[in-house]
Amino acid sequence: DTEVTQTPKHLVMGMTNKKSLKCEQHMGHRAMYWYKQKAKKPPELMFVYSYEKLSINESVPSRFSPECPNSSLLNLHLHALQPEDSALYLCASSQDRAGIYGYTFGSGTRLTVV
Amino acid sequence: EDKVVQSPLSLVVHEGDTVTLNCSYEVTNFRSLLWYKQEKKAPTFLFMLTSSGIEKKSGRLSSILDKKELFSILNITATQTGDSAVYLCATVAGGTSYGKLTFGQGTILTVHP
Numbered sequence: 001d002t003e004v005t006q007t008p009k010h011l012v013m014g015m016t017n018k019k020s021l022k023c024e025q026h027m028g029h030r031a032m033y034w035y036k037q038k039a040k041k042p043p044e045l046m047f048v049y050s051y052e053k054l055s056i057n058e059s060v061p062s063r064f065s066p067e068c069p070n071s072s073l074l075n076l077h078l079h080a081l082q083p084e085d086s087a088l089y090l091c092a093s094s095q096d097r098a099g100i101y102g103y104t105f106g107s108g109t110r111l112t113v114v
Numbered sequence: 115e116d117k118v119v120q121s122p123l124s125l126v127v128h129e130g131d132t133v134t135l136n137c138s139y140e141v142t143n144f145r146s147l148l149w150y151k152q153e154k155k156a157p158t159f160l161f162m163l164t165s166s167g168i169e170k171k172s173g174r175l176s177s178i179l180d181k182k183e184l185f186s187i188l189n190i191t192a193t194q195t196g197d198s199a200v201y202l203c204a205t206v207a208g209g210t211s212y213g214k215l216t217f218g219q220g221t222i223l224t225v226h227p
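Those protein sequences? They're chains A and B, same order as listed. Number 28 in our numbering belongs to position 28 of the first sequence; there are no gaps in the numbering. Here our numbering = 1-based position in the second sequence + 114.
If you're looking for bench data, these hints aren't it; they were derived computationally from the structure. Just so it is clear, the structure is predicted and the values come from calculations on it, not from any experiment. No false leads were slipped in.
List time: in silico DSSO-like cross-link candidates among lysine-lysine, alpha-carbon distance up to 30 Å:
id : chain 1 : residue 1 : chain 2 : residue 2
1  : A       : Lys9      : B       : Lys151
2  : A       : Lys41     : B       : Lys182
3  : B       : Lys117    : B       : Lys155
Derived contacts from chain A toward chain B, CB cut-off under 8 Å, selection only:
id : residue
4  : Pro42
5  : Val48
6  : Ala98
Backbone N, C-alpha and C fix where the C-beta goes; we use that ideal spot for every residue, glycine too.
In isolation and in its complexed conformation, chain A is listed as follows (with noise of 0.2 Å):
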């Protein structure tokens, strides 16, 4: 298995709902990664984990949580979002966070806060 699975493929939420996105990877991966994606725009990074811990947090809003439960799992927990919240949320993975042999993208949610 060499792919990065995400779910759901589009989610519409209202501002006042919580949803979560989830990814999953089976390929022993022990670094994983959320980005955010804006129209016409290159991927944003927000958080990385590394080993089920938290590295990187860039500055990201508490309205987007993210949570590690194991090392192939990588959730991003969404509360009280915004209209502008509204893009393409890629995650990714790499066998570590030096990314020797790559970094592998999962095919995104399309979110749209409504």
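Put chain B on the given structure of chain A with help from the hints.
Only chain B this time, still in chain A's reference frame:
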């Protein structure tokens, strides 16, 4: 702050043409440079470059890194309509930003039949 700049931002060519995409960077604790192709959703990996002057090739695509001048190029020969995509360049940093990818704005390549 780390910076990655790609040029051109968009490019329109016809099938069979050869294109060169550019990526320059200013990165503290530079470790490597990556090229990705993004068509609809997931960026797909093309190349990772860590050593200066060593060309990497995969079919019609090739890439090289110049660590002295802080840039990389991605060449695509005999372009096909399936090459139409956004090509992203990203750098990997070390130090306290270990593992952080910084992406350029991307080059939108359109290949007409």
